[in-house]
Amino acid sequence: MGAKLGAKPRDISLKTIKDAIPARCFQPSLIRTCAHIVLDLVLASSLVYGVFALTAQVQTWWLRCLIWAGYGYLQGLVCTGIWILAHECGHGALFTSNWANDTVGFVLHTALGVPYFSWKFAHARHHRYTNHMEKDTAFVPSRASDPTISEKIAEMLHLAEDAPLFTAGTLILHQLLGWQAYVLTYASGGSKSTPRAPENKIGDTNLLNPSACIWTPSQRFFVGLSTFGLAAVVFGLSMLADFTSWSTVFLLYGVPYLWLNHWLVAITFLHHTHPDVPHFEDSTWTYTKGALSTIDREFGFIGRYIFHGIIEHHVVHHLFTTIPFYHAGEATKAIQGVLGDSYHRDETPFMLALWRTFQRCRKVEASKSVPGEVHWKPARVSVRDS
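Each residue of the sequence shown is one higher than the last, beginning at 1 in our numbering.
Since the hints were made in silico from the structure, they are not lab data.
Among the clues, some could well be false.
[To be verified] No farther apart than 27 Å at their CA atoms in a straight line, the calculated lysine-lysine pairs in the DSS-like style are these:
1) 377 x 18
2) 363 x 289
3) 363 x 377
4) 192 x 333
5) 333 x 368
6) 377 x 289
7) 333 x 18
8) 377 x 15
9) 368 x 192
10) 201 x 289
Put together the whole structure using the sequences plus the hints.
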């Protein structure tokens, strides 16, 4: 899995870490911000133009299938980059104006089928309570005593949950449906991560519902605005389907959307899940401990340039969310000397890390040596699969 991680965070203050970062890293550049946004939009538009231009010249069905498949994959990468730019806007990192951040973020995320303000509010809570066993809003692990959905399915099918074939099947479902499950049911959110306790009624944990238990009264209007934006996108796609066909809309928008979902779930999962990195009970959790439980990873050219470094420089982002992504590399280098072993990085190839982590990180149990910490329960993994 790469170098041994999970070193106990040193007693270091957030101010000490911040003081190690050059002040310029906290300042957004209007020119650089706009250049990245325009470049990503030009790339996305060029792919649309290119796929129609190529398929118009090709009559062989299997070549057309290859062209559309290649388009879907590449557009999914570019759209993930655009999603990340909107994510930066949600943190107020790309412009000095909150209005500019929210306007650009709303337009970009809505175009990608993401409820901007709903995500922004829930995601801010995730940053506030990272790796908190009750208050984090995403990828809160199951305790050893709690039955999981995958366990129930495995029991119904008379399969071993750790069987490679079953693991592969559940991983595919995780990547295909993970984002939708989060939006529709707040899946993997902590039991105390909402302003009020969920009620036993339909939609009370739905991110699209302005009245859901997830929101405060002041957030509800903006949640409704986000949902209205998605409805407008669906209407626009239906109009496009009337002009072309639903199959064209699926190839043009649906396939990249599925790839976007895959990358979004994979990136978030691997940032906050590692066999050697703990989660914390309420009694011992602190903001700094949670932020330093984030793991930087490596994804080569795609990670650094198409995904704007979000995979490689996520620890510093969790410490200081308003650092623009184009300064995150410099800021990461600046904090490494201060953090020492408390800085977590795993350079295992990204997709291999996804497989191994999903295979090994199923449930947590109380640490026998460190009160208030929960560690991943060792999973049975065959030598062939490790």
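Straight-line alpha-carbon gap residue 363 to residue 289, limit 27 Å:
This hinted pair holds, its Cα atoms lying about 20 Å apart.
Pairwise hint evaluation, residue 289 against residue 201, where the allowed Cα distance is 27 Å at most:
Distance ~35 Å between residue 201 and residue 289 Cα, so the pair is violated.
For the pair supplied as a hint, residue 333 and residue 18, is the alpha-carbon distance within the 27 Å limit?
holds (12 Å)
Holds or violated: residue 377 and residue 15, Cα atoms, limit 27 Å.
violated (34 Å)
Verify the proposed pairing of residue 368 with residue 192, using a straight-line Cα cut of 27 Å.
holds (25 Å)
Can the restraint linking residue 377 and residue 289 be considered satisfied, given a maximum Cα separation of 27 Å?
holds (20 Å)
Pairwise hint evaluation, residue 18 against residue 377, where the allowed Cα distance is 27 Å at most:
violated (34 Å)
Hint check: residue 192 vs residue 333, CA-CA at most 27 Å. Holds or violated?
Outside the cut-off at roughly 35 Å; violated.
Check whether the Cα positions of residue 363 and residue 377 lie no farther apart than 27 Å.
Roughly 6 Å separates the two Cα atoms, so the pair holds.
Does the alpha-carbon distance linking residue 333 and residue 368 stay inside the 27 Å limit?
This hinted pair is violated, its Cα atoms lying about 34 Å apart.
Hint compliance for this structure: hints 1, 4, 5, 8 and 10 are broken, all remaining hints hold.
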